[in-house]
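Colleague: Sequence:
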Amino acid sequence: MKKLIHILVIAFIVGLVCVSCRESDLTNNGEGALSLKIGVQRELPTVSAGKTRATLTDEELLQKCKVYIRNAEGLVRKFATLDEMPEQILLVPDNYKAEVTAGDSVAASFTDSYFKGTKEFTISKGTAISESVVCGIRNTVVSLALSDELQEAFPTYKITVSNRLGTLEYTQDNISQLGYFMLLDDENQLRWNLVGQLNGSETEITKSGVINLVRKATRYDLTFSNSSSEVGGGMISVNVVETALTTDEKVDILARPVIKIIENDQIYELDNAVYRAQFDKETPIVVRMAASVPFTELKVTSADFARLGITHFSSFDLMELTEVQIRELDNLGFSIQFNADMTKVQFAFKENLREIMTNSIDDGNNTYRFDIEVRDRNGKDRAKTLTVIATDALVATEDIATQNDIWSTKATLYGSLVASVTEMNFRYRALGSNDWMYSNQAVLNNKIFTSQITGLEPGITYEYQAMAGTVAAKETKQFTTEAPAQLPNAGFEDWHGSSPLYIYKSGGEMFWDSGNTGSATLNKNVTTYDATIKHSGNYSAKLQSQYVALFGIGAFAAGNVFVGKFLKIDGTDGILRFGRPFTSRPSKLVLYYRYIAGTVDYSTLGELPKNSKDMGSIYIALGDWPHQTFDGETDIPVLVKTKPADRQLFDSNSSNVIGYGECILKESTEGEGLIKLEIPINYRSNRKPTDIILVGSASRYGDYFTGSTGSTLWLDDLELIYE
1 MKKLIHILVI AFIVGLVCVS CRESDLTNNG EGALSLKIGV QRELPTVSAG KTRATLTDEE
61 LLQKCKVYIR NAEGLVRKFA TLDEMPEQIL LVPDNYKAEV TAGDSVAASF TDSYFKGTKE
121 FTISKGTAIS ESVVCGIRNT VVSLALSDEL QEAFPTYKIT VSNRLGTLEY TQDNISQLGY
181 FMLLDDENQL RWNLVGQLNG SETEITKSGV INLVRKATRY DLTFSNSSSE VGGGMISVNV
241 VETALTTDEK VDILARPVIK IIENDQIYEL DNAVYRAQFD KETPIVVRMA ASVPFTELKV
301 TSADFARLGI THFSSFDLME LTEVQIRELD NLGFSIQFNA DMTKVQFAFK ENLREIMTNS
361 IDDGNNTYRF DIEVRDRNGK DRAKTLTVIA TDALVATEDI ATQNDIWSTK ATLYGSLVAS
421 VTEMNFRYRA LGSNDWMYSN QAVLNNKIFT SQITGLEPGI TYEYQAMAGT VAAKETKQFT
481 TEAPAQLPNA GFEDWHGSSP LYIYKSGGEM FWDSGNTGSA TLNKNVTTYD ATIKHSGNYS
541 AKLQSQYVAL FGIGAFAAGN VFVGKFLKID GTDGILRFGR PFTSRPSKLV LYYRYIAGTV
601 DYSTLGELPK NSKDMGSIYI ALGDWPHQTF DGETDIPVLV KTKPADRQLF DSNSSNVIGY
661 GECILKESTE GEGLIKLEIP INYRSNRKPT DIILVGSASR YGDYFTGSTG STLWLDDLEL
721 IYE
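According to my numbering, the stretch in the sequence shown is residues 1 to 723, in order.
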């Protein structure tokens with residue numbers, strides 16, 4: 001059998017914080033690849049007040065640059081900085097739009113500017129494309145100037161420039177500063193006001209005005225001058241020069257150096273992946289390092305150099321080697337090459353070194369580690385570890401790339417090629433079982449092959465091996481499927497209190513809540529338990545829409561129940577916490593319900609006018625919303641405010657929604673008993689959720705104080721199904 005070498009890359013990145021947004025939703029079934037280059041239009045036209053320039057340095061822009069990639073279904077990739085973005089982004093075939101932002105979006109600022117660019121592109125199966133996104137400034141930029149005569153007339157003055165959300169104040173001390181404004185989508189005005197005190201007088205002069213038809217990405221130069229000898233606002237004239245902020249100049253944001261491996265003319269990222277090379281071939285294994293500007297340091301360290309016959313070195317900087325040392329290393333099998341401007345450097349393991357590694361297979365001492373640290377002239381660096389394991393296997397079993405690939409009843413298994421193999425699959429079994437099961441033919445992507453297996457049991461540990469035909473790899477890996485988590489008090493058996501009535505037992509932990517905290521202030525509970533209409537146990541939850549009032553003051557309130565907490569009463573409105581921690585991914589929600597749809601007698605919406613039939617709703621969402629804090633309550637997934645002037649509701653189309661299912665109840669159910677309902681959960685990504693939201697309402701538009709006092713919804717025995 002041919003002896004081959006197995007190169008395992010164990011990568012780490014200095015100073016990089018991994019975030020969940022990097023998790024992939026790929027199926028590894030014929031993806032394409034995107035290389036994305038980011039540029040920013042930094043220099044803007046020179047006009048009367050001097051050069052407009054973004055206040056951020058290149059490095060600051062790099063740290064504030066965010067990349068979003070979306071398809072028709074929503075967000076599929078997000079990179080918080082360019083450092084997080086790989087050289088190639090694997091995407092399933094589809095139409096996409098890349099959106100890049102840099103800087104800070106602030107209503108009005110002397111220091112913070114904001115850039116944005118978009119690019120539409122298409123990924124085809126098995127292809128790699130390169131796209132550039134140029135970010136242009138999105139601020140409305142304002143400069144001010146006073147004529148010499150007016151400066152003499154007003155030794156001290158104050159000028160304010162405002163948009164709808166912010167104001168900047170100029171004085172004689174900062175008149176030369178540029179102001180950056182972010183306009184709302186429906187905003188097209190800037191307002192200005194000048195107040196000055198005449199020289200040698202206590203007379204205060206005021207002049208104000210409006211600049212109409214203001215646009216984004218445009219600069220406005222306001223020059224104030226003396227128009228007449230009269231005293232008062234009429235003595236001041238204002239000249240406005242408008243300049244579109246466009247330019248052909250593009251300055252690239254320079255990313256950190258990259259380290260890649262080249263094997264048999266194939267280029268791979270040296271980043272948490274497995275690579276193979278046959279040692280009986282002439283093509284060497286090459287490690288290539290590239291930077292945007294010349295390198296200043298290229299350090300390679302290994303305690304295993306001595307085992308390879310390189311006894312004079314255990315660590316060396318390629319940039320500091322003499323010509324004699326480079327020739328000596330080449331003779332020993334470690335060749336080094338530089339390009340002319342020192343932005344690309346590579347080293348290679350030549351045939352004699354590969355032979356030494358191959359011969360170590362039999363004695364078991366076949367692992368070699370090389371630490372690589374690089375730094376460029378801009379101080380940008382990267383460090384990775386290359387681990388080489390010599391092996392004579394045909395395929396290797398790899399760890400599952402991410403927990404996102406492991407569901408309750410399915411998982412994606414990973415293997416890698418050592419030699420040229422046409423039949424690849426996996427065998428797997430529950431830990432402790434003697435019987436193997438086999439996957440379908442695996443899908444190959446570069447040297448990694450994958451296969452999704454289904455029909456697994458939740459909360460069970462499995463072991464698996466990669467297969468080359470009928471020959472199994474030496475390595476055996478394990479994974480544990482997601483636990484089939486259920487909803488606490490899903491049969492609504494536990495209640496306590498009276499006004500308000502709570503949906504958990506006294507002394508217990510709250511999971512469910514309702515609008516009772518609000519309605520109880522007016523001596524009513526909109527959600528109660530019912531011992532007569534139920535599916536099993538002692539009670540069901542009865543959600544009854546009502547008009548709740550005291551002394552003639554009140555409002556329509558929908559009967560409701562939700563996972564979360566009623567946080568605060570705001571007049572006749574409420575502020576709610578939606579969501580509780582939850583990390584499993586069920587396939588559907590099953591429950592029992594009865595619904596009576598009343599005739600709408602309260603309406604603020606044209607969609608559901610009075611005398612029409614009311615509708616109820618039940619929806620479930622799994623997501624990874626950024627947590628908020630409100631009034632002492634922490635880790636709030638979604639904060640809901642029902643007050644019309646400050647309305648903030650749950651958005652089912654948010655990019656943070658991973659899985660969603662909903663049933664709109666448009667008709668009353670037949671009979672007096674509860675009937676079974678199944679709500680499928682459709683997943684938009686394979687990201688693991690952090691929280692669950694579940695809401696039932698007797699009046700779908702209760703948040704808008706619209707519905708029927710004749711509507712009632714009973715719920716019982718909720719169950720999450722994992723298939």
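No wet-lab data here; the hints were simulated from the structure.
A hint or two may mislead.
[Stated by the list, open to error] In the DSBU-like style, the derived pairs of lysine-lysine whose C-alpha atoms are separated by at most 35 Å in a straight line are: (1) Lys676 <-> Lys116; (2) Lys158 <-> Lys380; (3) Lys344 <-> Lys78; (4) Lys676 <-> Lys565; (5) Lys158 <-> Lys78.
Colleague: It remains to establish, for every hint, whether it holds in the given structure.
Modeller: Going through the hints against the structure:
The straight-line distance between the Cα atoms of Lys676 and Lys116 is roughly 49 Å, outside the 35 Å bound, and the hint therefore fails. For a cut-off of 35 Å, the pair hint linking Lys158 to Lys380 is broken: about 44 Å separates their Cα positions. For the hint linking Lys344 to Lys78, the alpha-carbon distance of about 29 Å falls within 35 Å, and the restraint holds. A C-alpha spacing of about 27 Å is found between Lys676 and Lys565, which places the hinted pair at or below 35 Å, so the restraint holds.
Restraint check for Lys158 and Lys78: not satisfied, since their Cα atoms lie roughly 43 Å apart, outside the 35 Å limit.
Violated hints for the displayed structure, listed by number in ascending order: 1, 2 and 5.
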